[in-house]
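Below are the chains, spelled out letter by letter.
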Amino acid sequence: MTAQDIHDKLKAAFGDAVQDAKLDAMQPWIRIAPNRTAEICAWLHDQPEMKLDYLMCLSGMDYNNGKLGVVYHLSSIEHKHKIVLKTECPKEDPHVLTVSGVWGTANWHEREAYDMYGIIFDGHPDLRRLLMPDDWDGHPLRKDYKVQEFYHGMKVPY
Amino acid sequence: MIEAKTLPTNYVTKPGAIKSSSGKTLRTEEMIVNMGPQHPSTHGVLRLEIIIDGEIINDVIPHIGYLHRCFEKHAEHMTNYQQVIPYADRMDYCSAITNEWAFALAAERMLKIEVPERVEYIRVIMAELQRIASHLIAVGTYGIDAGAFTPFLYCFIDREKILDLFEMTCGARLLYNYVWIGGLSHDLPPKFVEQTKEFCTYFRPRIKMINDLLTYNEIFVKRTANVGVLPKDVAINYAASGPMLRGSGINWDLRRDDPYSVYDKLEWEPQIGKGEVGAVGDCWDRHIVRMREMEQSLNIIEQALAKLPEGNVQAALPKRIRPDKDAEVYVRTETPRGELGFYIVSDGTASPFRVKARGPAFVNLSVLPEISRGAMLADLVLIAGSVDIVLGEVDR
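For the record, the sequence lines run as chains A and B. Quick note on my numbering: the first sequence kicks off at 1071 and runs consecutively. Quick note on my numbering: the second sequence kicks off at 732 and runs consecutively.
Derived from the structure by calculation, the hints contain no laboratory data. Here a beta-carbon is modelled for each residue, glycine too, at the ideal position from N, C-alpha and C. A portion of the hints provided could be inaccurate.
As the list claims (entries may be wrong) - So the derived list for chain A, only partly shown, Cβ under 7 Å to chain B, looks like this:
1) 1093
2) 1124
3) 1126
4) 1129
5) 1174
6) 1221
7) 1224
Chain A on its own, in the form it takes in the complex (with noise of 0.2 Å):
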């Protein structure tokens, strides 16, 4: 199947949740509303024509003009076909749905997210840091990110 498919039928379903796409791109992609990317993502998943089953990246964006995002790289062990999911979020306020429902392994990614860019996954079964310790401050990967002076009496930035 592709993209445009894939974004024709996406759009049927779920109209205004489709924001916008750019389907000539290199590898093309499809925007979808922040507050909805559970029910469209367990949607791609289950359809027989698409079984997007295989959740191949989760990555966190700063996008540096006060958006935060979120990129979902899809295939399918059995049709072979791929899409990008985006998705994005202001980032004074960013809550995304999480995905974790739909495929386990979003799990960890969406903790990696929300420990390097802070971006709030709802719903999420356990929203902990992943890599970093559970009392750090900031979110290192963010664009405006700045290391904090002491971490537990030890000086940070060398």
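Following the hints, position chain B against chain A.
Chain B only, in chain A's frame:
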């Protein structure tokens, strides 16, 4: 000894379920045991918080991040794309060539560079040698996890021979910085082809020897068969990849299913687990997939050596590598541990705007709690070992 397969997979303690010999109900209580971060069988600095009831595991909570260097932040702050490659080396330090290749491939796709055919063949040869070296570590240390020390030493003797070939080519034995964007740092040295052929002839009988020593050893089979069974649907849902996925009986190899380089011009077969001694997807299946992949890698190397064309080892590159503004690409390759993907976003400058590394060990480790519940505590060492994690890549 209780057979692991007779235990319920989702063991939940019910009060009063365990009775003493005189018929008295025994009190059971959950206990938390920490394994690691400094523990020989966690293969690095990994901490597992294990919730046990007697000998039965109720849950495992992995705590990672002890080796976190924030590779992704480093990559954003490099002054050009080429400088990221030594950092990519240090992610999966047991298989550095495949990491470099994955990043170089992603950058090349972004810039739409075609590399010379000789480069493609040399990369395939190097990556497959690296796969053998990496699987030798995986198999050897897995033997130690099961209590067999000798195969480890044999594995390391053979791995040294591969490292000698790497040293001969680029001077380094562990972290090579050999695959560059658009080509390679050096051409092959004069005697490389001859010596690699010699290695292939030498190594084929050694695989059989390791199989005899370890794989079909009665004790090893008893310890690994039916332990840590990863069903097909769970494997896909948790995006397991590499020998983890193939061990569960799914015929999926990115070298064939999402082809890159010249793998489609070579003849070889992905190896899958068939449940020969236990259930499909148990620890033994993952082990045998690694053993058989080494043999397939030898086939690939021999064919690639026979077909190796003459030519240049560096494509013509622009002086400053600047991909188009808003260009982005996700490229995945098959490393010894599975799918290593790089998601790179460019903002039109000479350094990447965003690099996300999707490490196979990181993703494979996330399925560990699923396959450990209900197992015996002593088996956890073998289950964690069969995932073949490298903490440098888990933590990045």
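To see whether the hints hold, each was checked on the structure:
Proximity of residue 1093 of chain A to chain B is violated relative to the hint, the smallest CB-CB distance being about 14 Å (cut-off 7 Å). At its closest, the beta carbon of residue 1124 of chain A sits 6 Å from a beta carbon of chain B; the interface hint therefore holds under the 7 Å criterion. For residue 1126 of chain A, the suggested interface contact is upheld, since its CB lies about 6 Å from the closest CB of chain B, less than 7 Å. Using the Cβ-Cβ criterion of 7 Å, the hint placing residue 1129 of chain A at the interface with chain B is satisfied: the shortest such distance is roughly 4 Å.
Interface hint status for residue 1174 of chain A: upheld, as the beta-carbon distance to the closest one in chain B is roughly 4 Å, under 7 Å. For the restraint placing residue 1221 of chain A at the interface with chain B, the shortest Cβ-Cβ distance is roughly 13 Å, beyond the 7 Å limit, so the hint is violated. Taken as an interface hint, residue 1224 of chain A does not check out: its beta carbon lies about 16 Å from the nearest beta carbon of chain B, beyond 7 Å.
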